[in-house]
Amino acid sequence: MAASVSCHYFSSPLTTSTKPIKHSLNYTHFAPSLTKGPIRHFAPLCSSQRSRPSEIQEKEANWFLSLKKCAVSVALSVSLLSGVPGLEWLSPAHASTPALPDVSVLISGPPIKDPGALLRYALPIDNKAIREVQKPLEDITDSLKVAGVKALDSVERNTRQASRALKQGKTLIVSGLAKSKADHGVELLNKLEAGLDELQKIVEDKNRDAVVSKQKELLNYVGGVEEDMVDGFPYEVPEEYQNLPLLKGRATVDMKVKVKDNPNVEECVFRIVLDGYNSPVTAGNFIDLVERHFYDGMEIQRADGFVVQTGDPEGPAEGFIDPSTEKTRTIPLEIMVDGEKAPFYGETLEELGLYKAQTRLPFNAFGTMAMAREEFENNSASSQVFWLLKESELTPSNANILDGRYAVFGYVTENEDFLADLKVGDVIDSIQVVSGLDNLVNPSYKIAG
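Quick note on the numbering used here: the sequence shown kicks off at 93 and runs consecutively.
In short, the hints are calculated from the structure, not lab data. For clarity, every value in this text was computed on a predicted model and none was experimentally measured. Possibly wrong hints are sitting among the right ones.
Restraint-style ranges between C-beta atoms, simulated for each label pair [unchecked claim]:
| id | residue 1 | residue 2 | range |
| --- | --- | --- | --- |
| 1 | 524 | 327 | 25 to 31 Å |
| 2 | 538 | 332 | 41 to 47 Å |
| 3 | 260 | 331 | 42 to 48 Å |
| 4 | 260 | 524 | 40 to 46 Å |
| 5 | 328 | 356 | 48 to 54 Å |
| 6 | 331 | 308 | 39 to 45 Å |
| 7 | 252 | 391 | 23 to 29 Å |
| 8 | 448 | 323 | 29 to 35 Å |
Below 25 Å or equal to it, Euclidean Cα-Cα: the simulated DSS-like pairs (lysine-lysine) are [stated by the list, open to error]:
| id | residue 1 | residue 2 |
| --- | --- | --- |
| 9 | 348 | 205 |
| 10 | 433 | 419 |
| 11 | 271 | 259 |
Using N, Cα and C, we set each Cβ at its ideal position, and we do this for glycine too.
Turn these sequences into a full structure, and let the hints guide you.
Okay, here's the thing in structure tokens:
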């Protein structure tokens, strides 16, 4: 009799790797469908305030429509040939035909897919010296893709580059620390410096197996230093949303899921980091619901190989009914863009015409967490959340139809691969805040009723 064990220790029973199994494709998924039940759908969103086009504008619109149809056909062809899902899979909500942006964007270089790296780069800081330490440490991941001990030559170069950058830039790094966090930041820098010497020794001893754990440790120090550079919350949330629960900083939660009908996995604990620096309203709303135990005992409601989704309560309501108002609490679409000091609210980047803008929290990582919403209502999100199960190797940030249309507010940073093992009917035993609850302001869960 097979024993049931925690997902921390057992991989998928059909593979010796901890990576998720590649799901076979059902080509019927590529067609638009309205058979997904309560799941909400992705679709193009158009402004209702646009004037009727003139004859010339109509011709231009028809030309763009033809171009879009051509692009959709190409996307379907590629999906059939390459095994990459086509159109319908772009919907963690009701299925619908999505629109491609009017301007296609080619992204150079491979996308960053590591959730920890995405979170580090998403911090609201501008300190070149610490980034020059961080990058070669992040690059160790690519260096280790080379088989055997040959990879250690590249790892050694990465280590030396990071050590040199730290020695040359330490004064600038220290000067960038927030005054209230300076002592802690300096302590982390000293640990980082000692850890780099230890990594150099690991490389010299040809101990490849010890590199990854040491790299993770050093990057945690780097991330801690970078967080110590953030001095307070960097901007004001628009007045109309200031009374909502807001996460002004970051928080970490553990989501425990009981897995049914799997003799090898009994329960999984997923660690999730929520980023309130870039999504204060969205992350704050979620943390508030977590503290209300809204998700405890709720089933996984969609698990189709593209996303895992939950958050639709029993009954006719599709979101959280605030007992103090007896109405559904909704939050606005919230998208932070590189180069901006505050998020955009209420409009997709496509509607804003920002086709080339890069989202600060992209749909790049396996386990990207975001809010579902109604098809034509940008500000209709409430409690339904989803986790992306596709890495964006072929559709990096700004080159897919998710970025800029749906609000990302966190990443699963531990056991994310096991999201692929979840099925409809598996139960969320609990979601608990591990750290960062003190960053939540306007917590409505504390209000009686």
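These are the hints, each one checked on the structure:
1. 524 <-> 327: 25 to 31 Å: holds, 29 Å
2. 538 <-> 332: 41 to 47 Å: violated, 22 Å
3. 260 <-> 331: 42 to 48 Å: holds, 44 Å
4. 260 <-> 524: 40 to 46 Å: Since residue 260 and residue 524 have Cβ atoms about 42 Å apart, the given range 40 to 46 Å holds.
5. 328 <-> 356: 48 to 54 Å: Holds, since residue 328 and residue 356 (Cβ atoms, about 49 Å apart) stay within the stated range.
6. 331 <-> 308: 39 to 45 Å: At roughly 41 Å between Cβ atoms, residue 308 and residue 331 fall inside 39 to 45 Å, so the hint holds.
7. 252 <-> 391: 23 to 29 Å: At 51 Å between Cβs, range violated.
8. 448 <-> 323: 29 to 35 Å: Once the Cβ atoms are compared, 30 Å apart, the range 29 to 35 Å for residue 323 and residue 448 holds.
9. 348 <-> 205: Within the cut-off at roughly 24 Å; holds.
10. 433 <-> 419: violated, 32 Å
11. 271 <-> 259: Roughly 21 Å between the alpha carbons, so the hint for residue 271 and residue 259 holds.
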